[in-house]
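Model the full assembly from the supplied sequences, consistent with the hints where possible.
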Amino acid sequence: MTRRLLAPLPLSAAVALALLGSPPATAATRCTQQSPAHTVALVELYTSEGCSSCPPADRWLESLAGQQAAGHLVSLALHVDYWDYIGWRDPWAQPGFATRQRQLARGGTIYTPEVFVGQRELRGWYDAGSFQRRLAEINRQPARAAIGLAMEVAAARDAASGTTTPSPAAIVAEARFTLRAKPLDGATTAVLVVYEDGLVSEVKRGENRGASLHHARVVRRWEPVTLAGERETLRREFPLEAGWNPAKLGLAAFVQDSGSGEILQALALPACAS
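Per the numbering used here, residue 761 is the first one in the sequence shown, and the count goes up by one each step.
Hints were generated in silico from the structure; no laboratory data involved. Fair warning: there could be bad hints in the mix.
[To be verified] Distance windows between CB atoms, simulated:
#1 ALA830 <-> TYR886: 17 to 23 Å
#2 GLY889 <-> GLY1021: 24 to 30 Å
#3 GLY884 <-> SER972: 25 to 31 Å
For every residue, glycine included, the Cβ atom is placed at its ideal position computed from N, Cα and C.
And the structure:
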């Protein structure tokens, strides 16, 4: 059953993106990616483990990996928490994702699973023809921004001895944004995302009780910032939290017009930890 929610939910303040002036002491792995000349489509799936109709959508999002690798799209799974009360707390949910979902819905009904492609709801996401037509419509457009991403898996350093530990301690992300066309209102927002693949839950209660659910492109961190100029480089360190698998962590970024919300460009950098 598709889950729908009509009532407004508590707002969650966006996390400001900090600029870090110095690099980490040691990096075990580094990889980079550059956006193409065409516009890459941003695909957002709003999902919940408390929703019995969501697992097919989760599997569909995972199936898009090939198109993400080919530079056609950036796919993200944003788990919402507004179904937690019906018996199962989604371990990947964040309250702020419902806030973004409401913004994209522009006052309309929000529900799960709900898919937005390039900021526009696509109710027929499960129809391959409908999805490919929307994807092609976006990919035909020349990119109005360029994005470069670099990611390092940094090892921890002992302050007393100066030696590094064998275990990764943080993901260090660097994003370079270049605007090719000025937005109508003159303001742009960049969002830096850390996502994780290969997550599994054994659901004990709720609508999916007894199911083993598999997830891809699950958003772990969502960091927005207003860009001050036409060229900007941002550096951010994300300490690895309990349960994070550095070998499955990827990086994504997108730029949007702050007024219209229109996506100017998006880019994903898959996991590169050794």
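Here is how each hint holds up against the structure:
no.: 1; hint: ALA830 <-> TYR886: 17 to 23 Å; verdict: holds, 21 Å
no.: 2; hint: GLY889 <-> GLY1021: 24 to 30 Å; verdict: holds, 26 Å
no.: 3; hint: GLY884 <-> SER972: 25 to 31 Å; verdict: holds, 28 Å
The structure fails none of the hints (numbered hints given earlier).
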